[in-house]
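Enquirer: Protein chains in written order, with numbering that gives the first Met the number 0: chain E, 0 to 579; chain S, 0 to 283.
Careful: at least some of the hints might be erroneous.
[To be verified] Lysine-lysine pairs mimicking BS3-like chemistry, simulated, CA-CA at most 30 Å apart: (1) E:LYS360 - S:LYS57; (2) E:LYS76 - E:LYS96; (3) S:LYS268 - E:LYS360; (4) S:LYS202 - S:LYS225; (5) E:LYS125 - E:LYS187; (6) E:LYS389 - S:LYS261; (7) S:LYS274 - E:LYS360.
No lab work stands behind these hints: they were computed from the structure. Predicted model only: the values in this text are computed from it and were never measured.
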Amino acid sequence: MLNRAISGGIIIVDINIKIGGEAGQGIQTIGSVLSRTFVRDGFYVYGNQFYLSRVRGGHNYFHIRMSDHPIYALDEKIDILVALDNQTIPEHIEEVKEGFVLADESIVGDNVNENIVSVPFTEIAKDISGKKLFSNTVAVGAVFGLLCYDLATLNRFLSETFKGKGDEVVEKNIKAAQAGYDYVKNGKFEGVCNYNLNPQPTNRRILINGNDSVGVGALAAGVQFLSAYPMTPSTGVMTRVAAHADDFNAVVEQAEDEIAAINMAIGASFAGVRAMTTTSGGGFCLMTEGLGLSGITETPVVIFLGQRPGPATGLPTMTEQGDLNFVLHAAQGEFPRCVLAPRTAKDAFNQTRRAFDIAEKYQVPVLILSDQHLADGLFTYERFDTSGLKINRHLLEDRAVSSDYQRYAITESGISPRAIPGQNGALVVADSDEHNEEGHIDQTTDNRIRMNEKRLRKVDGLTDEMQMPAIHGIDGADISLIGWGSTYGPLAEAVDILNRDEVSINLIHFSDIYPFSHDTFSLLDGLNTTICVENNATGQFARLLRAELGFEVSKKILRYDGLPFTPQSVIRELEGMGVI
Amino acid sequence: MVTMDDYKDGETEWCPGCGNFKILEAVKRSLVDLGKEPHEVLMVSGIGQSGKLPHYLKCNTFNSLHGRTLPPAMGAKVANPELTVIAVGGDGDSYGEGGNHFIHAIRRNPDITLIAHDNQIYGLTKGQASPTSEIGMKTKVQTHGVLHTPFNPLAVAISLDCPFVARGFAGDVEHLSSLISQAISHQGFSLVDILQPCVTFNKLNTYKWYRDRVYKMEDNGHDPAKRTAAFEKALEWGDRIPTGVFYKRDSETFESKLDVLKSGPLIAKQYDSAKLDSVFENFS
Ligand SMILES: Cc1ncc(C[n+]2csc(CCOP(=O)(O)OP(=O)(O)O)c2C)c(N)n1
Ligand code: SF4
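With the rest of the complex left out, here is chain S (with noise of 0.2 Å):
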């Protein structure tokens, strides 16, 4: 039986109070509560604060560059899919400099999970705006206070229909951990948006800041099977912010299309030099 110790690990590097805890916290009770052993899991993280998460738990890790998160996570995913891959990295890493990876992932469907910590604010270069920063939130850098629209990662998940699309707070590791373990189990790319206060350098969206207005949409009877309903729930962003299942279904994912990994993982193939006769053949 895997337990909570098993994936207990090293010293943190992390503010204290801050949301990446119960992040870390909620991401170990889901690999727990899933029986994930340790050997089994495979964490690929970017650079950042997010980043660092994979470093806190026992099991194998890629800790990648940032923005890169995504790109390694699916290599080693079709190199050996019977490995639980699960990517972890901030809105910065994530959005940001990874935003290319972010949209093709979605649209190659590996069965991988992203944990994106999305605390509004580049946490480990120290305070400067992130993709999804507020319009007006004033930094060291955005001295005139924030003036591009805010990235709206679950949206944009749910308009390239990614499979599954969920919205926790690091504040309700209970309810965290449950969507986090949905998105594990759930076959294709799927996304967890964490809203996640940085207690350092985001002064506006804290604790309180999310209390007042998170709400979770099962509550309210959101059926995550209905893309227009969900679409329009990711549009909802102000005095409510929903939680919970945006959008789900069930697909196809990118491993399952490639008839080579029918019969077994890449890695477990036999080489066999004696097909190169027949490719010769061509050059004839």
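Looking at chain E on its own, in the form it has when it is part of the complex (with noise of 0.2 Å):
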């Protein structure tokens, strides 16, 4: 096993399981019971698939990666590749340098490799229970025996779930996980034991991905209304918000489409609750009317875009940076926005809620850009601590508000007194044709120039608001890699293994997009070498530090084959242009 540096510790255990099968095949519930099982015993886990646009069949797989240290990112070497059907051996055995395949005689075929195991999942699956079904369970136990860990926390795992469908159910599969199990520890392993796991059990980590955080984090900023038309990788977060509407005083309701999805969340807003609306590009593409009217209405509201390559329907289940530019500019005329791109599902709860602050505090709206890659991985943490958390809605008291109440009042810092419709007996006029101070159409020149010039001075405060960049790695290094959003793991961690190697280089990343922090300038400045990192073709970033900051990065890695960067691919990029 290679030994790793990761934020400073030194990784001793670094295994990664990929689980390769076709949809419909349970490839995810083998994946989540094995990583819910590491977590549990105090192991840190980072998890992300691979899946086509489709329901049933097709190769998809599941990459599971293991480590005592916290981790960002996958790895590209497997150590246990588990192959359900006959695509997973030919297309990732490149992939398995010491480690085994485990697959059923079936599968296994020609490819007969000393490190290539088969194991009878559905025939010991059927012995034990007389369904096939069980298979997974039987897998699970496999991987477990070549990785002598122990099965305790396996089987309380199983009996929490299947609780539920009764004591036999219980019984056969943990039956068939100490099957899986046996047949692995007893066969060709007998007595060897490849790896050393020290498991230490804990209740306070949980695994959580990036859509389920964004969902969390909307909870925990006390969303009520959330109105979507599900498309992917968004969708979780819908139905995380769902799951929990009830316990949180919240209504979720599917639009007919994006168009009513974003005005429904804006009328909520208006109304007088915390509203998001979430898509993908596509679906954003149709809401860009609804942006507009939030920006001249300053209707707070929360826009949630999982991106995924377009144009068009572009790869559905796939991963790409591709929408930055398209979120800059969306909507016609010129408005107050702000773009948060979270980089890791910690920082997507925290931005989230960082969000519909903003949203509310400046009434304007607010962008949370993420993609595939971060939707769908899975992280390891601590359980956030969200004691005492509170939320300031930016409103009127009740008794702030007159019977004289002007939605629209002209004021320094371009923000107007926000009341709701109702609030002591006051009236809302709100309106998307440009409008006075009371809310009401006026065309003419003077207030639109007062009403414009109004609006945009929010950004200054915005600005003001803004984080700086996160910098990982050593300080005043030869070569700074720049980056935004879902890369920071795989970024940060090429950082890692680099500065182990001697190499002068640090991560220069993004998570608030737009508008910048006042001092980026000075900081992009000070660097030598800057190489901007994105999963676009473009360079979106890259061009917006040019736009805004008059900045120029010295060079770009830019990856657009609908796959996430890892940090080997990093290596090998920055090797190939001979700048390490």
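With the hints as a guide, dock the two chains, each given alone in a separate frame, to form the complex.
Expert: Next up, the structure:
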């Protein structure tokens, strides 16, 4: 096993497991059972999935990396490959250098190799239960056999998961896992153990993906209305909020289309609750009209956009950072907006909470820009500390609302005091046409100038609100990677690996994308060689740096095949460029 | 006591003689008759001559986008069901650009009244055909005359089992106002389609044209509880044009089906971060 430096620590345990199979074969179940067992036993897991846009068939895989240190990216080598379909071995065998492949005999076929271990998953399952159904649990047991990993935590997990289906199902699952375990342990690997793991059970850790984290962040922010039209890879946010809506006094409505979704959210926000909508690039195309409505009516709204490769339907289940230009410029006219792009699941939680705050404080639309890589990425954390969370609605107090209330009163900050319809007998008038301070249509040039300037003045305050990029790795390095959003994990780990090899490199990583914080230019200007790394083909963030700050990056690394970066892929590119 | 003066506001931008004036008067009268205070009312409108109506009234107003009258109205209603939410749009707004929302608002059934100013023409953009224009009507765009079958909002609404479906005529303010009052009072999504003469662009469907044709269904003993009869009435158009309540049924509104609203409006609920702990159980 390779020893790797991660955030200052040395990784002793670093195991990559890939489960490949067809959609509908339960690879996710296996992945989830394995990763959650590891997390309960005190390991850190980072996981992600690759899936095709179909409900059954095709070749999909789930990749789990486990470690005794926090990890935020996948590795390219595989230690254990679980093959459930005929494509898994030919497609992934190259990645299995020193590891093992577990596969049903029927799948092994001609792929004979001393590292390929055939385990009759289905036959064992049938022996135990008469059903193929349990073969996934047999596979999990086999993986644990290979790892010499105690089954106690797994058994507890299986009991919890299948409790609802009755004792018999629980028992059969436990037996199936044991049988898979024994088959591997008592066969080829009798007396051998290739791995040295030291589980330390904990109940404080969670395994959470980017989408769930956004959903929980929204609940933590007090979201009470979410309207959306389903679109991969954003749907998980909607599902997560819906799962807890009753407990949090929230309503989740599946709109007839994205146009309705954003407009409903704006209506709910206008009437006085925190509201959001979720979508992907294609749906956001339809929302741009509503984005402008939020802009001119100064109605707060949070828009979650899970990017996937476009244009049009693109690659529905893959990843890309291709919509940055679009969100920055979407909708006609000029109005303030804010764009946040979370780095990790935990950042997604925090940025989502912040998004609601900023939206209400400045009465602007706030976009949370994520992508499939973050949406489906599974991260391990200690439970988030949510004690004493408070929210500030930035609304007028009842007694401050008088009968001559003006929704768009001109102020120095550009922020007009916000009341909600009917509050203390007040009338609130909002308009998508240019309007006067009372909210009524006013097309005079004087008024247009005053109102336009009032709205744009909010940018000053917004800029103060923005955070500087995170710096990872050594200070004053010769080379600085510049990244944004979901690429944080792979880039940070690439830097760690290279720093250990004494390469002078660091990472400047942006999560607050627009507007930029005040001192951003001076930070960038002080760097040596800068290499912007983005999951798109045209270097959209590099262009933003140039457009907003007049800052030119030295080089770019762009990946646009629908897959996320890995630390290794970034290092290879740097080597290829001759900079390291 | 609420009076007409409470709802008085601003100068209008409509052409003299436009049917919209009568609709405005009828809406005001209904709100006064129903004893609604201006701050209890939220008018959500789209874009068009019709969409300006809320500006000429005193009440809470959200003047949204062309065709997008219903989605924000619905969001606002769910956030605060205590508001009397009235959506206002033209025929282009409600049935053309907003056609999909029209269908789904009926399916969803929030307690909102849609007042559709049906002048069978696009007013604000100066005289193009609307979804309800008659076949053959010539305009600067439809130079060979309108080719498409007119949209029948009443038949569509009845086919979707919309709980309250009515048609009024802007030339009869008293009758129209009674229809609007009934619509506002009726629980569930209520449609009031209003025959509105556009004196500038629609030279076909004039006050006189309508007066020669409209009749009140209640005078002919129509029973709005009967859906099939209502549907038949909705298909009647030509020499005689029925007005009044076509169809009416009791319904469970969208809001009333939401458990979270049983204990009061969303805007009045307290935030409780303590519940987050149990959410994290899902991830351990
Ligand atoms: C998205 C969009 N498309 C087009 C327009 C231009 N537009 C404004 S009003 C209108 C039609 C108005 O007709 P109708 O809704 O029947 O209302 P009326 O003016 O007749 O009352 C159009 C096409 C617009 N404002 N927004
Ligand atoms: S154009 Fe027609 S609908 Fe518009 S105000 Fe004039 S008469 Fe009324």
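Enquirer: Run every hint past the structure and note whether it holds.
Expert: Against the structure, the hints:
1. A distance of roughly 28 Å separates the Cα atoms of LYS360 (chain E) and LYS57 (chain S); the hinted pair therefore holds under the 30 Å criterion.
2. Restraint check: the Cα-Cα separation between LYS76 (chain E) and LYS96 (chain E) comes to about 7 Å, which is no more than 30 Å; the hinted pair holds.
3. This hinted pair checks out: LYS268 (chain S) and LYS360 (chain E) have alpha carbons roughly 20 Å apart, not beyond 30 Å.
4. At roughly 35 Å between alpha-carbon atoms, LYS202 (chain S) and LYS225 (chain S) are farther apart than 30 Å, so this suggested pair is violated.
5. For a cut-off of 30 Å, the pair hint linking LYS125 (chain E) to LYS187 (chain E) stands: about 22 Å separates their Cα positions.
6. Between LYS389 (chain E) and LYS261 (chain S), the direct Cα distance comes to roughly 25 Å. Compliance with the 30 Å bound is thereby established for this hinted pair.
7. At most 30 Å may separate the alpha-carbon atoms for a hinted pair to count; LYS274 (chain S) and LYS360 (chain E) meet this at roughly 25 Å.
The structure shown violates just one earlier hint, number 4.
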